[in-house]
Amino acid sequence: MRTGHFKESYASLVALNDSHVVWAWTAVLLAGLLALPLFAGNYPLSLASAALIAVVGAVGLNLLTGTTGLISIGQSGFLAIGAYTNGLLLADYDWPLWATMPAAGILSALISLLVGIPSLRLKGLYLAITTLAFAFIVTHIILYAEDITHGPNGVFLPKVTAFGFDLSRDRPFFYFTLAFTILAILLALNLSRTRIGRAWMAIRDHDIAARVMGIDLVRYKLLAFMISSFIVGIAGALMSLQIRFVNTDVFGLILSIEALAMIILGGLGSIAGAVLGAVFLSLLPEVIRLAFETFGDPSSTTYTTYVYEIRGIAYGVVIVAFLRFKPEGLIGLWRDAKRYWTNWPLAY
Amino acid sequence: MEFFVLLVATGLVSGAAYGMIAMGFALIYKATGVVNFAQGELVMLTAYIAFSIATSFELSFFPLLLVTIPIAMVIGLLLERIFIRPMLGEPVFAIVMVTIGLAVIIRGVTIMIWGPDPFEFPGLPTTVIYLGSLPFYPAQLYALGALAVLVLAAWAFLNRSRVGIAMRAVAANEKAALLMGIGVPRIHALAWSLSSAIAAVAGILFAANFKLGPDLWFQGLKSFPAVILGGLDSVIGAAIGGLVIGVIENMAQGYLGQGLREIAGFVVIVLVLMIRPYGLFGEREIERV
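First to last, the sequence lines map onto chains V and G.
Using our numbering, read the first sequence as starting at 140 and increasing by one per residue.
Using our numbering, read the second sequence as starting at 4 and increasing by one per residue.
With the rest of the complex left out, here is chain V (with noise of 0.2 angstroms):
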């Protein structure tokens, strides 16, 4: 059992992983994501494709606001710009899906330049702001450039497969999210051990501080703006090949918001965090309608006809809860039941 953390080399510090015992946990959790299908039903595994694609959302986002410290609320921006890349590209001009997953993720990156610039002079609470404008922008344009997009009438995707699997089927889109969810999360974890990464967390904990140590602020927070989006682009298009018809009402507001909660809920700034609050919170509505469906009819006749009230509401007592009472939120819980175990009986 380790008693804390003994670091005793600048290299023990930058390590992907410290312990072989987290090694051996973490092949567990994947040999059982793996093993997952075998014995799953087709609802579940949907269920856990979304908790995935979430987590490559959360994953990103975590980059931007919880590692360089630039507030967005923008989130559903890029999904929708991602979904829509890979669905236009797939359903109207027939690229192949190795083309398409890519496109999404790199127009997103660029398009994100376009916020990223204006946000090199603003902080706070003036950027959440304007990538809230910039999400309400981007859904508009989607609906009136009717031509490209199709508006309103969405798009529908056609069949696709990958390596002779059909992704529409739950089983292969597991294991083909599965594989981008890890991709990310070792994106995400390198890049925090790298000079990049560090460069970003000086910029959060300080960013004039972090310009007199000669980080170039521009460079970096436009990086992080863009691999942020990167990644959520590639959610969206993930989005998209699961949900199978993209239109704009599946990317409101409410969806930045809950991407924030994710990471928040996890514990900012923290990728283990990100991938906790991002499980947590996609299969929280799902706990919901269990709960409501053991008290019954008429809890249940409510529950369907205010799903999104009653989801709403779910994610806002989340929020404030865990903000009042812990504020580092689910990696906070995970650490300090850590500190428990070791410590006890005594309290530190």
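Treat the hints loosely; a few may be bogus.
[Unchecked claim] Simulated pairs of lysine-lysine, DSS-like, Cα-Cα distance not exceeding 30 angstroms: (1) 262/V with 178/G; (2) 465/V with 178/G; (3) 477/V with 146/V; (4) 262/V with 465/V; (5) 465/V with 477/V; (6) 146/V with 465/V.
[Stated by the list, open to error] Covered by chain G, according to a simulated footprint, are these stretches of chain V (three or more residues, beta-carbon under 8 angstroms): (7) 326-334; (8) 387-397; (9) 451-457.
Simulated from the structure, these hints should not be mistaken for laboratory data.
Model, not experiment: these values are computed from the prediction.
C-beta atoms are modelled at their ideal positions from N, C-alpha and C, and glycine is treated no differently.
Given chain V's structure and the hints, the job is docking chain G onto it.
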């Protein structure tokens, strides 16, 4: 030319609603340094409460205002006490996120109580009044009048009353204000209750002008351009910003194309922030290291 004047006039009317909501944003930002993302939801909630009062007691417009404003102030106080006060001393971002959470909660609760269908708001005459050649509904003129009254009241409050000056002191420097014996938490609570009073006026007038529906909260977001244009910390600037944004939106709709109204304001704020990152009337923050 007539088309132009008509666009300006109707723009000013919808701008009056933006202006009032924006004043609520600015008031809370000025006193507490927090952008209250739940302002639009407060507008919606108070409008629905006013609707219930109006239909069950058959009150006409002015008595309705007199009854609703105190209720709104109590709601503001309660929200501040339950949700915001415990967050005192936490980072601003955390408090803003709490208001976002609060916004989602209020929205859900309101729709669950009053249902998703829109209502006609009762109690105001609908005879058209002509000013020159321009037709107005009484509710539209009331909205403009209410904005004027609120601006005057806000100016008098912030510049002439002791409490208002204390509020400006808190805005300028919270620690110094505390040292001078100002009860900062009290000022915060006051800002919340005043801003929900303004929200009630805005909500009633908006609902009387259009319809009372569950998408009323969206007016809160649509007022962001007004607050940004005026500068987050300028209450009177926010009111002017509202009028300007209303006119700009109508112009965009009238001359550039259908549907541009929805995003014209947001495009304007992105442009404004690129040139003056602290708004047109906002105070420039200078950081020294």
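Here is how each hint holds up against the structure:
1. Proximity of residue 262/V to residue 178/G is assessed by CA-CA distance (about 23 angstroms); at most 30 angstroms being required, the pair is judged to hold.
2. Distance restraint check for residue 465/V and residue 178/G: the Cα-Cα separation of roughly 26 angstroms lies within the 30 angstroms cut-off, and the hinted pair is therefore satisfied.
3. Note on residue 477/V and residue 146/V: the hinted pairing holds, with a Cα-Cα distance of about 18 angstroms set against a maximum of 30 angstroms.
4. Distance restraint check for residue 262/V and residue 465/V: the Cα-Cα separation of roughly 25 angstroms lies within the 30 angstroms cut-off, and the hinted pair is therefore satisfied.
5. With a CA separation close to 16 angstroms, the supplied pair residue 465/V and residue 477/V stays within the 30 angstroms bound.
6. For the given pair, residue 146/V sits about 27 angstroms from residue 465/V by alpha-carbon distance, which is consistent with the 30 angstroms threshold.
7. As drawn, the stretch 326-334 of chain V meets chain G at 0 residues by the rule of a beta-carbon pair under 8 angstroms; below three, the given contact is violated.
8. Chain G is given as covering the stretch 387-397 of chain V, and this holds because 3 residues of the stretch bring a CB closer than 8 angstroms to a CB of that chain, at least three being needed.
9. Here the stretch 451-457 of chain V counts 6 residues with a CB under 8 angstroms from a CB of chain G, which clears the bar of 3, and the coverage holds.
Hint 7 from the list above is the single one not met by this structure.
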